[in-house]
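From these two lone chains plus the hints, build me the complex, please.
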Amino acid sequence: MTEPAVAVRSLTKVFPIPFRRTGLVAVRELDLEVAEGQVYGLLGPNGSGKSTTLKVILGLVAPTSGQTKIFGRDSREVRSREGVGFLPESPYFYRHLTGKETLHFYGKLSGLRGEGLNRQVENLLDLVGLQSARDRRLGGYSKGMLQRIGLAQALIREPKLVVLDEPTAGVDPEGSHEIRNLILDLKRRGITVLLSSHLLAQVQQICDRVGILARGVLVREGRVDDLLTIENQTELILENASPEIVAEISALLARSSTRLVEQRQPQNTLEGVFLEATRSQPRK
Amino acid sequence: MDAAAHRIFSAGRIAAITGNTFTALVRLKVFYFVLLFALLLIASSVVVGQLGIQEEFQILKDVSLGAMSVFTSLLAIVATAQLLPRDIEERTIYTILAKPVPRYEYLIGKLAGVLLLLALSLLAMSVCFFVLLFVREEILASDTARQMAGLPPAQIEEALRSLRASAFNSNLVPGIVLIFLKASLLASLTLFISTFATSNLFTIVVMVFIYFIGHLQATARAFWLQTHGGSWFARALLGLVALVFPDLQLFNLVDDIVAGTAIPLGLFTRTAVLGCVYTSVYLFFAWIAFHGKEL
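Just so you know, the protein sequences line up as chains D and R, in that order. Numbering of the first sequence is given in this note's numbering, commencing with residue 1 and proceeding in unit increments. Numbering of the second sequence is given in this note's numbering, commencing with residue 1001 and proceeding in unit increments.
The set of hints was computed from the structure by calculation and includes no laboratory data. Since the model is a prediction, treat every value here as computed from it, not as a measurement. All clues given are correct.
Short, incomplete list of chain R residues facing chain D, as computed with Cβ under 7 Å:
#	residue
1	A1016
2	N1020
3	R1027
4	E1090
5	P1102
We put the beta carbon where it would ideally sit given N, CA and C, even for glycine.
Here chain R stands alone, though its shape is the one from the complex (with noise of 0.2 Å):
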């Protein structure tokens, strides 16, 4: 038989359960969400074409990139949840691990499979988007270049040179980049709860809790050192929340990208290798849990 000998790490394995998730996960339309994103675009387009260029492009970027922001995170809290669970639920779990598959494996598969859906649901968002300021930038080039017939070439050109370094700039590509990692932080760490936790419920509401105190916790450290001081005490016990809720306003650079500004080239490898520590840290403690779990 074409059997490969028994090994302790088969990316063949992981293959498997990652295309299992991604084709579950796929095979319950979680997809139609993106089509919401589309909607939103739509009519946020038609809402900001009464305000001017700048303003425009502006409010584009901050609701697409908001809302691909919040989208994705919902989907790697929403799809990880019950992953686990319904495989435990309904006695899968024990056909895959009565195999010579380790957890390890097992997990890893679970989590690539949403990561991979995450991917791909951040790429079809994002070419919505870009797509729509295409469209928006030639109407307004075109309508710039009718209004401004007559005027010195140089300054037509000039106009229409500022008109297209509003719409689209590179740093939207590593924004985008920032967004996926900070979903792929939540999905492993939706995994590691739900681990231990009893439904898909708490794992769920555990999740939306962290989500806030993440993106509130940076706010509330400032504030904390600002009135109790930077004692020893203080920052220890800060950086303590700091490891068990990730901070998760660190990944949110929207506010640079809006306004054009570069994204350093450090700061966002800093970010990026965070988010991957984050993700890598969270999946494994999800082994620790889950390793000898009784199932």
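One chain only, chain D, in its complex shape (with noise of 0.2 Å):
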């Protein structure tokens, strides 16, 4: 039986608060698992437990109870995040650093050397579109530029699994529209992702499967599919459908037991009408 990429059993974490008995619970009996090839979102409002729980599967935090393991491999050894990439939330990085140098940092701590890492740092700054900007300190970047090189940082050592701290804040719907593609290839290639998002629309697109956090609790699991569908309704989406013929279903459905719960011409998101109207303009 081949491992989980994580696994996540009975957490418990409490942050000590100075001076009180009781401390703040940030987690609480989080049992969870993520496939290998699986795209896993972790939602929930501010302060639900997200961050600490990527942080606990990563090995920046100790569990005050329970284990996470990647891969197998317990958190808390170093080894567990050797086929590990990470994006925080909002990451600065080394403003001092241009893209390329940043790139080779982060390839050298992965162990990376000579022509490999050239090689790798290349094609990393092509995929995330940052190769006219390559030479540029990071000081310069904006936001979703520093979020494209936070992108290819986590995937400089071809890693297994790719954990994203919300991945797509404070970033233009054009920035957000990118890093979602990049997660879908990454899925095609077989990288195992878990993202944290406020951003349901987005997580609803790409997720395989999702896990809702409230106040630390998990309250709600299972695929995208399963959770969205409403078992006894049914959608029917009619392109070029005359009035006769929406009649004629609407008198049928009538003479039945089944009731018309709505009936509306579907609309185009705002983000499809922002992306169609700026495309057309050149990139910087």
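Here you go:
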């Protein structure tokens, strides 16, 4: 039996509060599993324990009780992070380094050297569309560019698992769309992705499975399709339907015991309209 | 892919962190203080130009070595104090420690970056200092030869030999090495304090206190032992103080150097080993405080 990419068992994390006997419970008795190759979304309001859970998984914070594993290896072992890439929420990185120097730095930390490292840096600059800004210092990067270089550093050693904490926070719709496409590309390449996000529509589009946290407790968990499907309802979307056809369907429904809940014209999303309108403009 | 299998200790990873720390400090333009040192040297050489030859070189060495010691110590404290808090505040530490990088490698890399900066700064200051000594020596030698023209060559030769001996002596080099070791010790202690400090300011203030206590404790110890006697309790207490607050006066051999007295090899070796031990022990304490720190 293959090990899951991420396994969290009975995880509880309590942060002590000075001069108080009881601490702040950030995560309580959390159990979850992310299968290899899956895109898993961790959802929840601010302070629900998403970032704490990710930090425990990455060994940055120690669990109060319970255990987390990455591909079967305890998160507290440094080796567990060998095949992992991480993008924290709103990262700044070293502002004095250029984009290329940043990737070289993280590549060396990951054990890459020489020609292999140079090749990987070039590939990643191409992948995240930052070739033209490669020699600019990160101090001059926009938020979206920082997010993209952050994603590139997370991918520097072809990880098996990528952990993204709010990957599109503060990024404009176009940047957000690009990051979403990059995540889908990772999925196509069989890379496991564990992400936390506030943007429910985006999570819905890219995640196979989601977990919803509220006050440190996992309140819902499952496949996106399963969670969203309303079992006793059916949606028909018709194209070029004449009023007569619609009237006929309505009459048919009226004769049966089926209740017509809603009849409306499907709408585009605001993101779709925005992207369509802005894509014609040349990029900086 | 050209990637090495994970090792529990990697000189390559440490070198990457060292290089990055050094580059960050250089790009923050901390080297500007070397210019300040050069200006101080030029100013002091103008002032001491009015004095006799012996006094001139003594004061030049005194001022230069004193300034090198203060500047290097100050740089060690200020440069190190902001390393960890900045990485935590800007969340860059997450991206580093989320890679297979043990925390001790991170600390060693950070400290090594500062030590590299200190070494190069001290080298630059030493070059300025030696160049000034050489220039003053040449000017004074030619003045002396001109003033003594007509006197027996042996007398001129003796005067020039005496002048050159008071300008440069090989004791300067071990003195500068000890200045570096003192700064290394301070950098390591600053790194330790910064692992649990709440702000840069706190770290710097604590370190300034330690700096003064470190310089004054030898005098205070001698006074205490003189007035209270050398009971075992007093000695144990003073030993504990010496462990927590390094005796920085031990590294201060400027008076001997200025006077031209040779530093005995035994004393130099003992002091150098002490500096290395203090640096290593504080680095170890830093790791103890940092390895379980919640980020």
